[in-house]
Amino acid sequence: MQTTQLTGHDIAVNDEGFFLNPDEWSEAFVPELASREGIAELTPRHWEVIRFMRKAYEERGGAPSVRALSKESGIPVKELYALFPKGPAKVAARIAGVPKPVGCI
Amino acid sequence: MDTAITKVSIIVSKGSLEGVYPGLIMANGARAEGIEANCFFTFFGLDVINVHRYEHLKVATVGNPGLHMATLIGGLPGVSSLVTRMMEQKMEHSDIPNLGEFLALLSDAGCGMYGCRASCELFGVTREDLIPEVKDIISVGEFYHLAAGGEIIFT
Numbered sequence: 001m002q003t004t005q006l007t008g009h010d011i012a013v014n015d016e017g018f019f020l021n022p023d024e025w026s027e028a029f030v031p032e033l034a035s036r037e038g039i040a041e042l043t044p045r046h047w048e049v050i051r052f053m054r055k056a057y058e059e060r061g062g063a064p065s066v067r068a069l070s071k072e073s074g075i076p077v078k079e080l081y082a083l084f085p086k087g088p089a090k091v092a093a094r095i096a097g098v099p100k101p102v103g104c105i
Numbered sequence: 001m002d003t004a005i006t007k008v009s010i011i012v013s014k015g016s017l018e019g020v021y022p023g024l025i026m027a028n029g030a031r032a033e034g035i036e037a038n039c040f041f042t043f044f045g046l047d048v049i050n051v052h053r054y055e056h057l058k059v060a061t062v063g064n065p066g067l068h069m070a071t072l073i074g075g076l077p078g079v080s081s082l083v084t085r086m087m088e089q090k091m092e093h094s095d096i097p098n099l100g101e102f103l104a105l106l107s108d109a110g111c112g113m114y115g116c117r118a119s120c121e122l123f124g125v126t127r128e129d130l131i132p133e134v135k136d137i138i139s140v141g142e143f144y145h146l147a148a149g150g151e152i153i154f155t
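Going line by line, the protein sequences match chains A and B. Note that the first sequence covers residues 1 to 105 in our numbering. Note that the second sequence covers residues 1 to 155 in our numbering.
What the hints contain is simulated information worked out from the structure, not anything from laboratory work. Do not take every clue at face value.
The calculated lysine-lysine pairs, modelled on BS3-like cross-linking and capped at a C-alpha distance of 30 Å, are [claimed, not checked]:
#, chain 1, residue 1, chain 2, residue 2
1, A, Lys100, A, Lys55
2, A, Lys55, A, Lys78
3, B, Lys7, A, Lys78
4, A, Lys100, B, Lys90
5, A, Lys100, A, Lys86
6, B, Lys135, A, Lys55
7, A, Lys86, A, Lys55
8, A, Lys71, B, Lys135
9, B, Lys90, B, Lys58
10, A, Lys71, B, Lys90
11, B, Lys58, B, Lys135
12, A, Lys100, A, Lys78
13, A, Lys86, B, Lys135
14, A, Lys71, B, Lys58
15, B, Lys90, A, Lys78
16, B, Lys58, A, Lys86
17, B, Lys58, A, Lys100
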């Protein structure tokens, strides 16, 4: 098990940096997590995606893949990739402190 | 993570429905992982990006043991269309996008799509016959140049 320091807390993460315990997450970590993902400016649209991932996980126990994220949130795929060039669902899930999405499409 | 894949080039050479989806799924999955992805459509795979053809791809019902169907039955007129329709319904049920939607998804996800020059010449296909999402018609040499530094997947 690995840990990462976030605003003075030791957080358990897996080898890809996903939270092992999503309950340990707080919105206060988001700016630091986003900056680690190379997101220079965290916009309201980024927040919308991150909160959507969080909500989807809390409601269903799993975060959606890119296509489902786009369909359900109404944010176009193209914009999602512009916001999170390194993989919208994966990166937003990591910032939102939820497990990596498992959908293949 | 030092051996992480950062770029893939996927060659789609088949023109059957079951022959093209795996490559497209691999390409889309790569983009979702933040991996750079390009698709190169060659030979019958060119049908995937042909505006006149992509909505009419069929499941191969002859020479496809995976279907567990007698070859004689698979060869009867209409059987391929019927099996294709069943497959499409199954895919819709599993929320797998149809080809048109999949190509738009790939393009929006930033996957580069290219037609094979030799195949275009062979089949008399021009840029106007290809979907607008296609970036270019390129030669094998240009493909290797594009693929440099990444993995190549042949399907």
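Against the structure, the hints:
no., hint, verdict
1, A:Lys100 to A:Lys55, "14 Å, holds"
2, A:Lys55 to A:Lys78, "22 Å, holds"
3, B:Lys7 to A:Lys78, "19 Å, holds"
4, A:Lys100 to B:Lys90, "26 Å, holds"
5, A:Lys100 to A:Lys86, "13 Å, holds"
6, B:Lys135 to A:Lys55, "37 Å, violated"
7, A:Lys86 to A:Lys55, "21 Å, holds"
8, A:Lys71 to B:Lys135, "26 Å, holds"
9, B:Lys90 to B:Lys58, "14 Å, holds"
10, A:Lys71 to B:Lys90, "20 Å, holds"
11, B:Lys58 to B:Lys135, "25 Å, holds"
12, A:Lys100 to A:Lys78, "20 Å, holds"
13, A:Lys86 to B:Lys135, "21 Å, holds"
14, A:Lys71 to B:Lys58, "27 Å, holds"
15, B:Lys90 to A:Lys78, "27 Å, holds"
16, B:Lys58 to A:Lys86, "34 Å, violated"
17, B:Lys58 to A:Lys100, "34 Å, violated"
Hint compliance for this structure: hints 6, 16, 17 are broken, all remaining hints hold.
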